[in-house]
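S.K.: Sequence:
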Amino acid sequence: MPDIIRNIIRSWKVLLIAILLITGCTDNVHTTYMDLSVDLTQYKTYAFLPPGDKYNEGMNEMAYAELRDKTIEELTQLKYELNPENPDFLVLIHVNFGADTMVEELPASYTYYGEEFYEGLFIDDYYYPDFTVITEIDPTPGIRLVRYTYGTVVVDIIDTKTKKIVWRGWDIESDFGYDPDELIEDAKSGIDEIFDWFPKETDRG
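Okay, so the sequence shown: first residue is 0 according to numbering that gives the first Met the number 0, each after it adds one.
Source of the hints: derived by calculation from the structure; they are not laboratory data. Every residue, glycine too, gets a C-beta built ideally from N, C-alpha and C. One should not assume that every hint holds.
With a straight-line Cα cutoff of 27 Å, these simulated DSSO-like cross-link-like pairs (lysine-lysine) come out [as the list claims (entries may be wrong)]:
1) K78 <-> K162
2) K53 <-> K199
3) K162 <-> K69
Distance ranges between label pairs, derived from CB positions [to be verified]:
4) D124 <-> E104: 15 to 21 Å
5) V132 <-> P106: 17 to 23 Å
6) E181 <-> P106: 18 to 24 Å
7) E115 <-> N85: 17 to 23 Å
8) S188 <-> R143: 30 to 36 Å
9) E114 <-> E80: 20 to 26 Å
All chains should be modelled from the sequences, with the hints used to inform the complete structure.
M.R.: See the structure below:
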């Protein structure tokens, strides 16, 4: 097949994937991805960013570990490789478990590492070792703020080189209770549904 035809087919494939992701949503789960200059299908490796910024409310180490492990499970099924030393993208999970929180939205652009950063959550082999140099996280076009109510789970996918959000998925539940175990299980279910909209191995060609 001539290269020009192969490139045209690939361009249309990427555009179709982007359109599906732009419009992806269910009753509770939403995604935003509109920057067609970013080809998510080229990513292969990832690492986590520690959730020490102010947009994690009421989450402890045990709860976060379960959500992190659920995310690893989902990304492994999608054939992405955990590689903290050389990640193509970074995963930052935000959860609002604080029933009385004053945070009403998670903006598209926010401060990450700084004076208010909480380093109590364990730092281990899952995490990007240079996370302390990331002071600001900005969006690519199309990433928008999230109404960050109690029980909301947000997954930001951040390009390692640009430090910009290239994809955001979130789950908003209206019937969260206050039982800690129930909260964690509902959040894990939300992560499962969020990654239903993330590019799969077959999309990456």
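S.K.: Confirm or reject each hint.
M.R.: Status of the hints after comparison with the structure:
With a C-alpha separation of about 23 Å, the suggested pairing of K78 with K162 holds against the 27 Å cut-off. Under the criterion of a C-alpha separation no larger than 27 Å, the hint pairing K53 with K199 is inconsistent with the structure, at around 31 Å. Between K162 and K69 the CA atoms are separated by roughly 23 Å; this keeps the pair inside 27 Å, and the hint holds. A hinted range of 15 to 21 Å is violated for the C-beta pair D124 and E104, which are about 33 Å apart.
V132 and P106 have their C-beta atoms about 21 Å apart, which keeps the hinted 17 to 23 Å range intact. E181 and P106 have their C-beta atoms about 28 Å apart, which leaves the hinted 18 to 24 Å range violated. Look at E115 against N85: about 29 Å separates their beta carbons, and that is not inside 17 to 23 Å. Range check, S188 to R143: about 23 Å between beta-carbon atoms, so the 30 to 36 Å window is missed.
At about 34 Å, the beta-carbon gap between E114 and E80 misses the expected band of 20 to 26 Å.
When each numbered hint is compared with the structure, violations occur for hints 2, 4, 6, 7, 8, 9.
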